[in-house]
Amino acid sequence: MTPETAGVVIGTGEAVIFWILGPVALAGALGMVLSRNAVHSALWLVLTMLSLGVFYVVQEAPFLGAVQVIVYTGAIMILFLFVLMLVGRDSSDSVVETLRGQRVAALALGAGFAALVGAGIARATQDLPVLGLEQVQGGVGGPSSGNVEAVAGLLYTRYLLAFEVTGALLIVAAVGALLLTHVEREPGSRQTQKELSRARFLTDRPQTLPGPGVHARATSVAAPALLPDGRLAEDSFATGIEPEQVEQMPRPTGREQLGSPDAALGSLDPTLSDTPGGRTGGEHR
Amino acid sequence: MPAEGLLAASWLLIALPLAGAAVLLLGGRRTDRWGHLLGTATVVAAFLLAVACTVQLAGLDGRAADVELFTFIATGELDVTAGLLYDPLSAVFVLLITGVGSLIHVFSIGYMAHDPARRRFFAYLNLFVAAMLLLVLGNSFVALYVGWEGVGLASYLLIAFWYTRPAAATAAKKAFIMNRIGDVGLALAIFVMFAQLGTTSYAGVFGSVGTLAGGTITAIGLLLLLGACGKSGQFPLQAWLPDAMEGPTPVSALIHAATMVTAGVYLIARSAPIYDLTPTARAVILAVGAVTLLIGAIAGCAFDDIKKVLAYSTVSQIGYMFLAVGLGPAGYVAGLAHLLAHGFFKAGLFLGAGSVMHAMDDSVDMRRFGGLAKKLPITFVTFGLGYLALIGFPFLSGYFTKDAIIEAALDRGDVWGWVLGGVAVLGAGLTAFYMTRLMLMTFFGRPRWDDGVHPHEAPTVMTAPMIVLAVGSVAAGALLVSVFPLADWLAPVFGEPAEAAHVVAPALVGLVVTVVMVLGVLTAWLFVGRREVPVTAPVRVSPVTRAARNALYADTVNESLFMRPGQWLTRALVWFDNRGVDGAVNGLAAGLGGSSSRLGRAQTGFVRTYALGMLGGVVMVAGALLAVTAG
Amino acid sequence: MNLSYYLVLAAILFTIGAVGVLVRRNAIVVFMCIELMLNAVNLTLITFARSTGTVDGQIIALFVMVVAAAEVVVGLAIIMSIYRTRRSASVDDANLLKY
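Residue numbers (this note's numbering), protein chains in the order written: chain A, 355 to 639; chain B, -14 to 616; chain C, 4 to 102.
Simulated from the structure, these hints should not be mistaken for lab results.
Because the structure is a prediction, the values reported are computed rather than measured.
Each residue gets a CB set at the ideal place from its N, CA and C atoms; glycine is no exception.
One should not assume that every hint holds.
Stated by the list, open to error - With beta-carbon atoms standing in for the labels, derived distance ranges:
#, chain 1, residue 1, chain 2, residue 2, range
1, C, N98, A, F555, 47 to 55 Å
2, B, G602, A, S499, 38 to 46 Å
3, A, Q561, B, A587, 29 to 37 Å
4, C, R90, A, D589, 33 to 41 Å
5, B, A587, A, I424, 42 to 50 Å
Stated by the list, open to error - Computed list of chain A residues with no C-beta within reach of chain C, every gap over 10 Å:
#, residue
6, E451
7, R454
8, R457
9, N501
10, V505
11, E538
12, R544
13, K548
14, R552
15, L556
16, D558
17, R559
18, P560
19, T562
20, R585
Taking the hints into account, I'd like the entire structure generated from these sequences.
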């Protein structure tokens, strides 16, 4: 403080508070950035915000200090924690940085920014006068009205329009949040088992479709199912795959083979079937 | 003065053939049966109307009639009114076109009887007649240009009438392209007129052309001459005309002998007020005429194709006409008289050639003819009369008109007059030589045709027009000189004929020309008539003959001077376009595409990368602010 | 001790918030870092209000708080809907808008 600056002299008590709470606020900020768990981050941030609230009170803004504690630390951080719980705690960050060079660049730029702005501010404001707010809101036992009256007096006169617009903004934000998070589901849009069954029996084919390869002697889904008379079951053609000639086991030929379960399985060396295993089978007749 | 009575309806002259062409072209096959009759009827009707109009015109004071039709182009300063000018000059041409045109239409009925596309042929012929009439009747250079292009189109269509023959298609393209060179000259001349005078009508241009600088007038004259050379097959654009004989013979008779190719002469005669002011351009016309006259005559001596000989004869005779109109006021009437007489006898000769071809299974090789006089008596007589008229046999039409040109040349009185007169006399001798050669090879001597050919006389529908034209060939000269003096008739256009101070007595000129002509005939008899004509052309010949056979290397010159450099230029331009222009454009596009796709990689989609960039920007701004304030 | 101490502290807090935005991937933590930056600015505003002897700075700080509250509401709603469709709260996973 230079002697010619008028106004309030910053007392030792405030300096003590600053030197205690300043490091605390810094620690809270660093803790928020560095802790892997998002809930821990939120709690670290609460610490910083509370420190800042104290600073507000110290700097003759008790109303804002209260708002800071109630709105920020109370409401907004709780909202954060709610969302954290909804999203799930397990979605904590991995330590590995996926973007190459992001951390180094961020740290370098951050250090540069802090150095530039910090040094600039320190140099520009080292002789900043402290007029204090006693003239407008009265200190403790001062002549004029209190902090709340001073803030309200300005808020409802000079800043009335901005205040109104802020109200509109809050309403829009509330409606927007509702719109974004609400999931519409038509009542009765989900069909019941009874309704599905009735719909199926109204079609030409109440039973289930034959699966591909049923009754065919091949393992490929490209082999269509055979009807009892040996024709191809058109319903069984697999969607997305052209029915084609596939390697099939030979059809059992004699009564012996038919009688023997082992023979019915046929031999293990696959040969091209002469039965229609696919639409191109006719070439081999 | 404004037209009244029949003259006000002179637009019908153009409309009739045009309507005929439209009906025949749009009617399609339905008109196949009677299409040729309609085509002929429209032209005959136009001829009768033209006769009536001309009779009325003869009774008018000043002998000129303006027919305003409609506003053709009206934009800003350019205001072209479509109108007709019926004056003695156009009347002469209208009568020639419709008269000879009617006869040739009649002839074509017989000549094209067996052609499946006869209707199309008559449609094109009608189109040609309409365009040609517009050319000579229009009252402004723009109207003339429209007709000019119309006859070019009709000529192209008719030369390529048998378009399945490669030779015909090529000849049509050649004719079209060489005509185009001339047309560019004509168009430029019209542009200059409009730019300098603000008008293109004859009255406007001729009224104010005197106010222009001498150089501009000469430029207009030379550009018009270029157009005339292209259309009339004059040096240096003469090479297309002989090739145009690929078309049907009636086409050769009508378009490439009697009417269209004389459009250049009409243009120069019509532009007389311009040429009166520019002796330079007039001298160039003289040179062109004289050179063409000799080239045509020399080349005509060497060919064995009967139509090509006649074609080169046409080139040569039009050279006479150019020579005449280049002489100025003294020669206009002589040139136009020769044009009319030439229209008659050359059309007759071509029709005779058509009759011969008709008899000889479309062969045109004279070495395969011979002794046809007995087989085709009517053709022989009519052809012979045309031949005598052409070579200037005394008291036939060619005698009067050609002598008039030679007299007019000599009347210049200076050295150049003697040179030009000498060239013209020499040309007359050459004409006599090659025409006698043609006669001897075709109609006399031993028959040389193949066994399968049975020559027969053509039907009446073909011989009748030939007889009429033969009568015209005999009488036209005398009529034009004495009974209906062309000079008096054209006086409103070219002024009263001055009584020329003859350097050489006309009778003496006639005598000299006759002697030279007889010499030419005798030479031909010595070379051709006395001996047997070999069926194949001799290979070992003198360099002069070889040059003449190649038409004095006109095609070679054209190819080496214009075609090859043009091809080189085109190739170079194509190369430059592919490598240079396309390369630059494609390279620029590829460069931009490549760099943008590389720059696009910066858009990683990661918000944090963007935020890093923002922070970097903030640091830079903060540093800059501090640097400014601290500095 | 003078007021520039508060300002430098605010600047450092702001920087920490900014770096946190850059290095953290959990969208909610990123949001918290943004809140920290806003708080740092509020501290600056209140400090200057005290310095100049007017209450206007406090009013602006109040507005900042209100706007921040609205922003948090909407932002968290967006995070919720993204999480619902993508099953992830990482800002790196929402990277479709790119070359």
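Going down the list of hints, with the structure as the test:
Taking 47 to 55 Å as the suggested C-beta distance range, the pair C:N98 and A:F555 conforms, at roughly 49 Å. As the Cβ distance of B:G602 to A:S499 is approximately 44 Å, the hint placing it in 38 to 46 Å holds. Judged by the Cβ atoms, the range 29 to 37 Å given for A:Q561 and B:A587 is violated: they are separated by roughly 59 Å. Under the hint 33 to 41 Å, the C-beta atoms of C:R90 and A:D589, about 37 Å apart, fit the expected range.
At roughly 44 Å, the beta-carbon separation of B:A587 and A:I424 lies within the given 42 to 50 Å, and the hint holds. Not every CB of chain C lies more than 10 Å from the CB of A:E451, the least distance being 7 Å, so the non-interface label is violated. In this structure A:R454 is separated from chain C by more than 10 Å, as the shortest Cβ-Cβ distance comes to about 13 Å. Chain C draws A:R457 into its interface by the beta-carbon criterion, the shortest separation being 5 Å against a cut-off of 10 Å.
Distance check for A:N501 against chain C: the nearest CB is about 8 Å away, which does not clear 10 Å, and the non-interface claim fails. A cut-off of 10 Å between C-beta atoms contradicts the statement that A:V505 is not in contact with chain C; the least separation is 6 Å. A cut-off of 10 Å between C-beta atoms confirms that A:E538 is not in contact with chain C; the least separation is 13 Å. A cut-off of 10 Å between C-beta atoms confirms that A:R544 is not in contact with chain C; the least separation is 19 Å.
The beta carbon of A:K548 is kept farther than 10 Å from every beta carbon of chain C, the shortest such distance being approximately 31 Å. No Cβ of chain C approaches the Cβ of A:R552 within 10 Å, the least distance being about 33 Å, so the stated non-interface status holds. Separation of A:L556 from chain C is adequate, the least Cβ-Cβ distance of about 36 Å exceeding the 10 Å criterion. Even its closest Cβ contact with chain C, about 39 Å, leaves A:D558 beyond 10 Å, as expected for a residue assigned away from the interface.
Residue-level check passed: A:R559 sits 37 Å from the nearest beta carbon of chain C, beyond 10 Å. Remark: the non-interface label on A:P560 is consistent with the geometry, its nearest Cβ contact in chain C lying 38 Å away (cut-off 10 Å). Non-interface status of A:T562 relative to chain C is upheld: no Cβ of that chain comes within 10 Å, the nearest being about 33 Å off. With a closest Cβ-Cβ approach of about 47 Å to chain C, A:R585 is found to remain outside the 10 Å limit, as its non-interface label requires.
The structure does not agree with the numbered hints 3, 6, 8, 9 and 10 stated previously, though it agrees with the rest.
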